[in-house]
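All chains should be built: construct the whole structure from the sequences, respecting the hints.
Each protein sequence line maps, in turn, to chains H, U, X, C, R and S. With the working numbering applied, the first sequence covers 1 to 118. With the working numbering applied, the second sequence covers 1 to 956. With the working numbering applied, the third sequence covers 1 to 166. With the working numbering applied, the fourth sequence covers 1 to 95. With the working numbering applied, the fifth sequence covers 1 to 123. With the working numbering applied, the sixth sequence covers 1 to 514.
A couple of the hints might just be wrong.
Straight-line alpha carbon distances no greater than 25 Å define the calculated DMTMM-like cross-link-like pairs of lysine to aspartate or glutamate that follow [what the hints assert, rightly or not]:
#1 X:K93 / R:D34
#2 X:K106 / R:D109
#3 U:K292 / U:D439
#4 U:K292 / U:D440
These are computed hints drawn from the structure, not numbers from a lab.
Chain residues, written in single-letter form:
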Amino acid sequence: MEFLIASAIGVMTAAGIYLVLRLRTFPVILGISLLTYAVNVFLFTSGRVVAGAPPVLRDDVTTYTDPLPQALVLTAIVISFGMTAVVVMIGLGAFLGSDDDHVDDQPDTLENEPEGKV
Amino acid sequence: MSLFFIVALPFFGALLPGLMNPAGRSACAGVTFTVTLAAFVGLLTNLPAIIAGDIVTARVDWMPALGLNFTLMLDSLGFFFALLILGIGLLIIAYARQYLSRNDNMGEFFTYLLLFQGAMVGIVLSDNILLLLIFWELTSLSSFLLIGYWKHLPEGRQGARMALTVTGMGGLAMIGGMLILGQIVGSYDLSVILQNRELIQADPLYLPALILILLGCFTKSAQFPFHFWLPHAMAAPTPVSAYLHSATMVKAGIFLMARMWPVLSGTTEWFVIVTTAGLITMVLGAVIALFKHDLKALLAFSTVSHLGLITMLLGTGTAFGAMAAVFHILNHATFKAALFMSAGIVDHEAHTRDIRRLGGLRRLMPVTFMIVMLAALSMAGIPLLNGFLSKEMMLEEAHHTVLFGSHWLVPVLATVGSLFSAAYCFRLISHVFFGPVRDDYPAKPHDPPAGMWLPPALLIIPVVVIGVAPFVAEPFVKLVTASVLGNAAEMPSAHLKIWHGLVPALYMSIIAVLGGLAMLFVFRPALRLWDAVPRPEAKVIFEAIITMAVKLSQVLVLPLHNGAFTRYAAIGTVTIVVAGYYAWTTGTVGAPMHDMQTADPVLISGWGMLVAATIGMVFLHRNRFLSLILMGIVGLMVSIGFVFLSAPDLAMTQFTVEVVTIILLLLALNFLPNNTPIESTVLRRMRDVAVAVAGGLASFALAYYYMLRDPVATSISEFHLANSYKGGGGTNVVNVILVDFRGFDTFGEIIVLSIAALLIYALTEALLSGPVRTRLLNRKPDQPQAGGVHPMMMVVLTRGMMPVVMMVGFYIFLSGHNEPGGGFIAGLIVSIGVVMQYMASGFSWTSARLKYPYHGVIGAGVLVAGFTGIGSWFVDKPFLTSDFTYVRIPPFQEFELATAALFDVGVFLSVVGAVMLSLESFSRLARRKDAVDSEHPMDIDPSRSDPVPRTAGEGV
Amino acid sequence: MTRAFYWLIPHPLLTLILAIVWMFLQNELSAGMIVFGFILGIIIPWGTSVWWPDTPKSFRLRKMIRYSFVVIWDIIVANIEVAWIVLTVPTSKLKPAWIIVPLRLKEPEAITLLAGTITLTPGTVSADLSDQGHSLLVHVLHTHDADAVREDIITRYEARLLEIFS
Amino acid sequence: MILATQFLNVALAITFLALALGQVMSMVRLVLGPTSGDRVLALDTMVINALGLVIVLGIHQGVQIYFEVALLIAMLGFVSTVAMARFILRGDIIE
Amino acid sequence: MTPQIIGTYFVCLFLIIGSGFVLVGAIGLLKFNDPMTRLHAPTKVGTVGIGMLLLASVVHSFDIGEPSTHELLIMAFLFVTAPISANFIGKVNIHRRACDTPPDPPLDDTWSTLSVPESDRDG
Amino acid sequence: MTHWLIAPVVLPAMLAPFIVLAARYHIGIQRVFSMTGVLMLVAISAGLAWATADGTIMLYQLGDWAAPFGIVVVGDRLSTMMILLTTVLALFVLIYAISSGWDDRGRHFHALFQFQLMGILGAFLTGDLFNLFVFFEVLLIASYGLMIHAGGTVRLRAGVQYVLFNLIGSTLFLFALGALYAETGTLNMADLANRVTLISADETVGIRVAAVLLLLVFAIKAALVPLHFWLPSSYAEAPAPVAALFAIMTKVGAYAIIRVYTLIFPPDLAITAGLHDTWLLPAALVSLAVGMVGVLAAKRFDRLVAFSIIGSMGMVLLSIALLSPEGIAAALYYIVHSTFAGAALFLIVDLVRSGRANLALTAQAPVAGATLTASLFFVAAIAMAGLPPLSGFLGKLLVLDAAFDSDLMVWIWAVVLGSSLISVVGFARAGSVLFWKAQSVAPSADADPVTPPATMSYVAIGGLVTLLALHTIFAGHMHGYTTATAAQLFSPEPYITTVVDTPGKLSDGKTEDH
Ligand code: NA
Ligand code: NA
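Structure follows, in C-alpha cells:
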C-alpha cells in the first residue's frame with residue numbers, strides 16, 4: 001500500500017513539474033494543481049496511514065488514523081484553492097490585456113513595453 | 001577648540017550655503033568662508049599644544065563592539081595637513097566667488113565644497129582607521145559631486161564617474177587592508193596600531209594588508225598605473241581642480257602613506273612597491289605634462305609627477321626621505337594651488353586654456369604673469385624659490401637609493417623626471433606669457449579684479465619666503481617629520497638650506513634645469529615625435545573597460561533574468577532536487593520500521609485511475625478542456641483515496657473544492673484559447689521530462705521512506721485524540737483541531753480565502769475600468785453557441801434543490817464537530833448551491849435576488865471568527881480559547897453549545913462570501929454588451945405562452 | 001386559523017419534505033428531531049423563496065405518490081430490459097431512434113418531472129425541449145416501433161402528470 | 001454466520017471488482033472520446049461509480065462515517081458535469 | 001437462520017445485483033458506437049446499480065445493529081440529478097452534431113439547443 | 001494575562017475586514033483607519049520590543065493550549081525587533097501610498113495592506129512551523145493583491161510569474177513540513193528543537209532532507225540565487241509603495257532561516273551538519289555578486305533597484321550563513337539597514353517614474369522636484385552601495401569583521417568588496433544619467449506639465465532616509481541590541497523551556513498521556 005501511495009505521489013509530482021514547465025499559463029496552472037494534490041497526499045501520509053480508522057471518536061474503538069495531518073491538509077487544500085483562484089484570475093487579466101497567454105515574457109513585448117503603466 | 005568642532009563645522013556648515021542661496025552669491029560665499037575660517041581658527045588654537053609636541057585627542061564611542069569609534073587625534077602631521085586643507089580652502093572660496101558665473105548654483109557648489117573639506121579634515125584627524133576609511137570614502141563621494149558639478153558637460157560627468165570608480169575601488173581595497181591591520185593588532189585605533197610595527201610586519205597577512213592599503217593610497221594620489229583619472233577630473237571648475245588636486249584630495253593618499261609610515265615602511269616590499277610606483281609616476285607624469293596643450297591638463301600631469309616624487313621619497317623608507325617628502329608637500333601645495341588658480345584666471349580672461357592659442361600675455365596680464373612665473377620657476381626647481389629646496393633634497397635622497405640592485409637607476413630617472421619637470425615649467429612660462437601679443441584670443445585678456453588674483457598672490461609669499469630663508473620653515477617641517485617618523489626612525493640631522501656644497505644633487509639639478517631649457521628649444525620636433533608615437537589613451541581605455549564591464553554584466557545577468565518563467569521554474573526544481581539529493585546522500589538511511597501494508601484491490605484500481613488520469617493530463621494537456629476533465633478525475637480519485645485512508649473530512653473538502661475549481665477554470669477557459677500549441681522543441685521537452693522525472697522520483701523516495709517509519713517521539717496528535725472530547729467537546733478530532741487546537745491556523749486560512757476573493761474582485765474592477773473593458777464588451781464567443789441559455793429542466797431542478805441544499809449545508813455544519821463536516825464544507829455546499837442557481841438561471845436574474853453584498857459576508861465572517869477569539873479575553877483567556885456546555889431544552893435532546901461553533905460560523909460565512917465573490921467577479925468579465933438581462937429564470941416556459949402551430953402564418 | 005397557518009408555513013409541502021429530509025439526514029426519529037426539522041422546514045423556505053417566483057398552483061400529492069410507485073416499478077423492470085440489450089444486442093443490430101413527444105403539460109415542473117421520468121426509465125433519454133417548450137425530444141436506445149414508445153410515454157406518464165398538476 | 005460473512009466478503013470483492021472495472025472502462029471511454037459529450041459522460045459515470053465505491057467501503061468497514069461523503073457526491077457530483085456541458089454548449093457557464 | 005444471517009445474504013444479493021448493473025452501465029458506455037446510445041447505459045443502469053448498493057448498505061446497517069436509512073436520501077439525490085446530466089449531455093451531442101440530427105418538432109420552430117439567434121450563429 | 005503579544009496579528013486582521021465591510025467606498029475613512037491602525041501597531045511593537053529587550057521571552061498560547069499541542073506565539077528579542085522594523089517601515093510606506101494617491105488607483109488597497117501586515121507580523125511571531133506556513137500564505141496572497149494593485153498588463157504578466165513561483169515555494173514548504181512531521185511528530189519549533197536531538201546518528205536522512213527543504217523554502221523567500229528569479233520583475237512592476245513594503249518580505253525568509261537554523265538545527269547539531277555551510281554561504285556570495293552585477297547591468301531604474309535588493313539579501317544571507325553570534329548580529333544590523341534603504345529607493349523610483357516617459361536609463365528631460373529627488377537618491381544609493389558614512393558601510397564592516405574566521409574568508413572579502421565596487425559604478429552611472437545628463441536634455445514642448453510630488457511623499461522618503469541616518473548614528477546601540485539578540489538565539493534554552501514547559505488547558509493530563 002505504501003508503495004502505491006508513494007508512487008502516486010511521485011507520478012503526480014512528475015506530471016505536475018512537467019506541466020509547470022510548459023509555456024502557457026493554463027497548463028502551468030494545471031501543473032500547479034497536480035503538485036498541490038501530490039503534496040497534500042504527501043503531507044497526509046506523514047502521519048499513520050491506516051485504512052478504516054477515521055479519527056472520529058467512538059466508544060469501542062481504540063485505533064485511529066493520525067488526525068493532525070488531516071487538519072493540516074484541510075488547511076492546505078483551502079489555501080491552495082484560494083491561490084489557484086487568484087492565479088487564474090491574474091493570468092486571465094494578463095491574457096485579456098495582451099492577447100497572449102505565454103507564461104514567459106516575450107522578447108517583442110519586452111522591447112516596447114510601456115513601463116509601469118497605471 | 002575641540003577636534004570634534006573642527007571636523008563637524010564643515011559638515012554642519014554645509015547646510016548653510018544651500019539655505020543662503022536666495023540671499024545671494026556673496027552671502028553663500030561669505031557663509032562658507034566664515035565656516036572655514038572658524039574651523040581654521042579653531043585649528044590654530046591647538047597650535048601651542050602641537051608646538052609643545054603634545055597630541056590632542058578626542059573620543060566618543062560609536063560602535064565599540066566593532067572597534068569603530070569616533071576617535072580623533074591631532075598631531076603635527078595632522079595639523080600640517082589640516083592647515084593646508086583649511087588655509088588653501090579659504091583662498092579657494094574667495095577665488096571661487098569671483099570665478100563662478102551667474103548660471104552656476106553657488107549654494108550647491110559650496111555645499112559640496114564644505115562636505116569635501118569636512119571629509120578631508122576628518123581623514124587627517126582620525127585616530128581610528130575605520131573612521132578614517134569613512135572620511136576617505138566621503139572624499140570620493142564629495143569629489144564626485146564637485147567634479148561633476150557642471151552636470152551638462154559630458155566630460156564633467158565622465159570625469160566624476162572615473163574619479164569615483166578609481167578612488168572608490170582603492171577605498172574598497174583599503175577597507176580590506178585596514179580590517180586586516182586591525183585584526184592583526186586587535187584594535188582599529190591608530191595610536192595603538194602605530195605602536196605595533198614589529199607585530200604587523202611579522203604577520204603573514206602583512207603583505208596583503210600592505211598591498212590593499214597601498215591600492216587605496218595610489219588610486220587616491222593618482223600613482224601609476226592609476227594616474228589616469230586625475231587629468232579627466234580637470235573638467236571640474238577650476239577652483240575645484242585647484243583645491244582637490246593641489247592641496248587636498250590627491251594628498252590624502254600621500255597623507256596616509258606618511259601616517260602609516262612608521263608601521264608599514266622599512267620592509268623590502270614597501271620599498272620596492274612604493275619607490276617604483278613613485279619613480280615611474282614622477283617620470284611619466286612629467287613627460288606627459290610637457291606635451292599637454294591644455295593648461296589645466298599640463299598642471300594635472302605635473303601634479304601626478306610631483307605626487308610620484310613625494311611617493312618615491314616616502315618609499316625609500318629613510319628619515320631624510322620622509323623629511324624631504326614633508327617639505328615637498330608643503331612647497332607643492334603652495335606653488336601648485338597658485339598655478340591652478342592662475343590657469344583659471346587665464347581661462348577666465350582669455351576664454352581659452354589652450355597653450356597654442358595663447359602667448360604674449362606678459363604685457364596684457366602683468367600681475368598674473370608675475371604669479372605664474374614665480375610659481376612655475378619654483379616648480380622647475382630654480383634656486384631661491386621653495387621648489388628648489390625640496391627638489392634638491394629629493395635628488396640627494398635619490399642619489400643614495402639602490403633599487404633592484406642598481407645604484408644608478410633611481411638617480412638617473414630622478415634627474416630625467418626633474419628635467420622634464422623643468423621643461424614644462426619653462427614651456428608654461430614662455431608659450432603663454434612670452435612671444436608677441438596676438439590678435440586672435442577668444443577674448444581680450446587683462447588682469448582680473450584683485451579678488452581673483454589676490455589668493456594666488458598670497459600663496460606666492462611662502463614660495464618666495466621659504467625659498468630665500470628655508471630656516472623659517474625648518475622647525476615646522478621637522479615638527480611634522482617627527483610625527484611621520486614616530487618611533488620608527490630618528491630625526492635626521494640635516495637642515496633645510498640653499499647651499500649644500502658641490503654635492504651630486506647639485507649636478508643633477510643643474511643637468512635638469514639646463515636640459516629643461518634645451519627641451520624647450522627642441523620642443524617642436526619632440527612634439528612631432530610624441531604625436532607620432534602611439535600611446536594608450538586612458539580615457540578611451542577606461543571607457544572601454546567600463547563599457548565592457550557593463551556589457552559583460554548584461555551578458556551575464558540579463559539573459560538569465562529575461563522573464564522566462566519556465567526556465568526559472570526548471571532551475572528552481574533542479575536546485576531543490578539536487579539539494580535534497582545532497583542532504584540524502586550525506587546522511588545515513590534508517591531501516592524501515594514497519595512492513596508494507598497489503599494493497600487492497602480497490603486501492604490498486606484507484607491507483608491505476610489516478611496514474612492513468614495524471615499521465616493522461618501530460619499527454620493530452622494541449623486539449624485544455626480534456627485536461628480539465630482529467631484533472632477532475634485526479635481530484636476525484638484523490639478524494640476517494642482519502643475516504644479509503646480514513647479521512648472523510650478531507651474527501652469532502654477535496655471533492656467540493658474540486659467542483660468549485662473546475663467551475664472557476666471553466667469560467668477562465670471561456671476567454672482563453674482552447675488549445676495549447678506545440679511550441680517547445682523536442683530537446684526542451686526531453687529536458688523537462690528529465691527534470692520532472694527527477695522531481696517525481698525524489699518525492700516518491702521521500703514519501704516511501706517516511707511512510708514506513710515512525711516519528712522519533714510520540715506524535716502530538718495523541719494529545720489531540722485524548723483531549724478532543726474532554727477539552728474541545730467534539731468527537732471529530734479533525735474538526736476539533738481545526739476550530740480549537742489549531743484554530744489560529746484556520747483563522748489564517750479564512751483570511752487567505754477572503755484576501756483571494758478581495759483580490760479577484762479588485763482585479764476585476766481594474767480590468768473593467770481599463771482598456772480591457774471595451775474588448776470584453778465586444779468580444780464574440782470563439783466557438784458556436786448552442787441555443788437555450790437557461791434550460792428549463794436545470795432551472796426547475798436547481799430551484800427545487802435549493803432548500804434541500806441549504807438544509808444539507810446546515811446539517812453538515814452542525815454535525816461537523818462530531819461527524820465529518822464543519823463550517824468550511826458547509827460553506828462550500830451552500831456556495832455550490834448558489835452557483836447552481838447562477839448556472840441555471842443566469843447571472844443577472846440570480847444577482848437580482850441575492851441581496852447580500854458578498855464583501856459584507858466575507859467581512860462579517862472574519863469579524864465573527866475574530867470576535868469569537870477576542871471574546872475569550874473577557875474571561876481572561878487567550879485568543880481563541882474555546883468553551884462549551886451542554887444544554888437541554890425540551891423537546892430537544894441534550895445538545896452542545898460551543899464557542900467553537902461560533903468560530904465555525906465565521907469560517908462558514910467567509911467561505912460563502914469568498915467563493916461567491918470570486919465566482920461572481922469571474923462571471924462579470926463575461927457580461928457582453930448585447931447580453932439581455934433576463935426577466936425570467938428560464939428561457940422556455942410553456943405556461944407563459946400558448947402553442948403556436950408551426951404551419952400557421954400568424955406569428956408571435 | 002388557516003391564514004395564520006399559511007402565514008407561518010407558506011409552503012406546507014416543502015416544509016414537510018424538508019422535515020423528512022432532516023430526519024433522514026440525522027438518521028434518527030425523535031421528538032426533538034421532528035420539531036427541529038419542522039423549524040428548519042419553516043425557516044429555510046423563507047430564506048430561499050426568492051428562488052421560485054411562480055410555483056405551480058395545484059399539486060395532488062396522493063396521485064403523485066401513486067405515480068412514484070409506477071415509475072419505480074418501471075425503472076426496475078426496464079432496467080433489466082436495457083441491461084439485456086446492452087449485453088446481448090450487437091452494436092450493429094441496435095436500432096436507436098429519435099421520438100418527439102408533443103406536450104400537453106404546461107407547468108415547467110411537470111415537464112421536468114416527465115422528462116426525468118423518461119430518462120430514468122431505461123431505453124429512453126429526454127434530450128431536448130423545443131424552443132417554445134411544446135415538444136420533448138426523446139432518444140430511444142433500441143426500438144422497432146417508435147410510435148408505440150411515444151404512445152406509452154403519453155398514456156403512462158404524461159396523462160398521470162396532467163392529473164397531478166391540474 | 002461465518003458462511004454468511006464469507007459470502008459477504010466474496011460479494012464485496014465482486015462489487016469492488018465491478019466498480020473498478022467500471023472505472024477502467026469509463027476511463028477508456030474518456031480517453032478515446034471521441035466527442036466532448038462522451039468525455040463528460042465518462043466523467044459523470046466515474047463520479048457515480050466513485051459514489052458506489054464510497055458506499056461499499058462503508059459496508060466493508062462496517063462504519064457509517066462515509067455517509068456525508070456519499071451524500072455530497074450524490075448531491076454535487078452532477079454540478080461539474082453540468083458545468084462542463086454548459087461550457088461546450090455556451091462557452092460561458094454563468095450568463 | 002437468524003434475521004441477521006438472512007440480512008447478510010440479502011446484502012450479498014443486492015451487492016451482486018448492483019455490481020452487475022454498474023458493470024453493464026460501463027459496458028454500454030464502452031461498447032456502443034454512437035454518443036447518444038452511449039448515453040443510455042450509465043445514466044440509468046449505473047444509477048440503479050448504485051441504488052442497489054445503497055440498498056445493500058441500508059440492509060447491512062440493520063444487520064450490524066446500527067440501523068440507518070439515510071442512504072435513501074443519497075438515492076433520491078442520484079435519481080433527481082441523473083436526468084439533468086443526461087439532458088445536458090444530450091444537448092451537447094445535438095449541438096456538436098455528434099449524432100443524427102433530430103427531426104424538427106411539430107409545434108415549434110426547432111429544438112432549443114439548435115435555436116441559435118442569428119447574431120450568434122457564426123460566433 | 002496580557003494579550004499584547006497577539007495584538008499585532010489580531011489588530012490588522014480585524015481592521016481589514018472592518019474596512020472592507022464598512023468603508024469600502026470611502027477612501028478617506030479607509031485612510032484614517034489604516035493610518036490609525038499602523039500607528040497603533042508601531043506603538044504596540046515598540047512596547048513589545050521594550051518588554052523583551054531585557055531577554056524576557058513572552059509566550060502566548062492560542063486557545064489556551066500548551067505547546068506543542070496548540071499554537072503558540074512567542075516574543076523574543078528577534079521577533080519583536082522584526083515586528084518593530086516592519087511596522088515602522090509600514091508607517092512610512094503608508095504615508096507615501098496616501099500622499100501619492102497610489103491607494104486610490106485600485107480597490108481594497110488598505111484592506112490588503114492590513115492583511116499584508118498581519119501576515120508578516122504573524123510570521124515573525126509564531127512559534128509553530130505550520131502556522132508559519134499559514135502566515136506565509138497570508139502575506140503572500142496579500143502581496144499578490146498589492147502587487148497587481150491597479151492592474152495594467154505588464155504588471156499582471158509579472159504578477160503571474162510571481163504568484164506561480166511562490167506557489168511552487170508553498171508546495172515545497174508543505175513537502176518540508178510533511179517530512180518534518182513524519183520524522184518528529186511535532187510542529188512546534190521549540191518542541192522540534194528538543195526532538196531532533198533524539199534522532200540517532202544512523203538514520204539521519206529523513207531529518208536532513210527535511211532541514212534542507214525548509215532551508216530552500218526560506219531561501220526562495222529570501223531571494224537566494226538561484227531561487228531568486230521571481231524577484232526582479234515582480235518588485236520592478238509592483239506599485240512603488242508596495243515594492244517598498246516588499247523590502248521587508250525578503251527579510252521574512254532571512255528571519256526564518258535565522259530562527260530555524262539557530263533554534264531547531266543549530267550549527268553544532270551533528271545530524272544536520274554540512275547543510276548550511278556547504279550550500280548557503282556560497283549561494284549567498286553568488287547572490288551578492290549577481291545582485292550587484294545586476295545593478296550595473298540593469299537597463300531600467302526599477303530593475304536596478306530590484307537587483308540591489310537581491311544583492312543586499314546576498315549580504316544578509318552570507319552573514320547569516322556564518323552562523324556565528326557575530327554573523328547573526330551583523331546580519332540583523334544589515335537587515336534593518338537594507339529594509340529602509342531598499343524601501344527608500346523604490347519610493348524614489350516612483351518619484352522618477354512620475355516625471356518620465358519610462359524608467360529606461362536614458363537621458364530624459366528633468367522634471368519638477370528633480371534636485372530634491374536627486375539628493376534623496378544620492379543618499380539612498382550611498383546607503384545601498386555600502387559607502388560611508390551610512391549604515392550600509394557599517395553593516396559591511398560588521399559582516400567583513402564577522403567573516404574573518406571563516407574558511408571562505410578570502411572569497412567573502414573579495415566578493416563583498418568587489419561587488420561593492422560594481423554597485424558603486426552601477427549606481428553612479430544610473431544617477432549620472434537620470435539626474436545629471438537629464439540637464440542637457442531640453443524638455444519637449446508637447447510634454448504634459450507634471451505636477452511635482454506631494455510634500456508628504458518627500459516626508460515619507462525623507463523619513464526613511466532619516467531612519468538610515470539614525471541607524472548610523474546610533475550604530476553602537478543598534479549593534480549592541482543585535483548582538484544581544486544573537487546571543488539570545490545562540491542560547492535557546494530559555495526559549496525552549498518557556499515554550500514547552502508553560503502549562504495550558506488540560507496540561508495536568510499531559511503527563512498521563514505521555
Ligand atoms: Na475558450
Ligand atoms: Na510515518
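To see whether the hints hold, each was checked on the structure:
In summary, the hint linking X:K93 to R:D34 is supported, as the alpha carbons are separated by about 13 Å, within the 25 Å threshold. Annotation: proposed proximity of X:K106 to R:D109 holds, straight-line Cα distance about 18 Å (limit 25 Å). Distance restraint check for U:K292 and U:D439: the Cα-Cα separation of roughly 23 Å lies within the 25 Å cut-off, and the hinted pair is therefore satisfied. For the given pair, U:K292 sits about 21 Å from U:D440 by alpha-carbon distance, which is consistent with the 25 Å threshold.
This entry satisfies every hint, going by the numbered hints stated previously.
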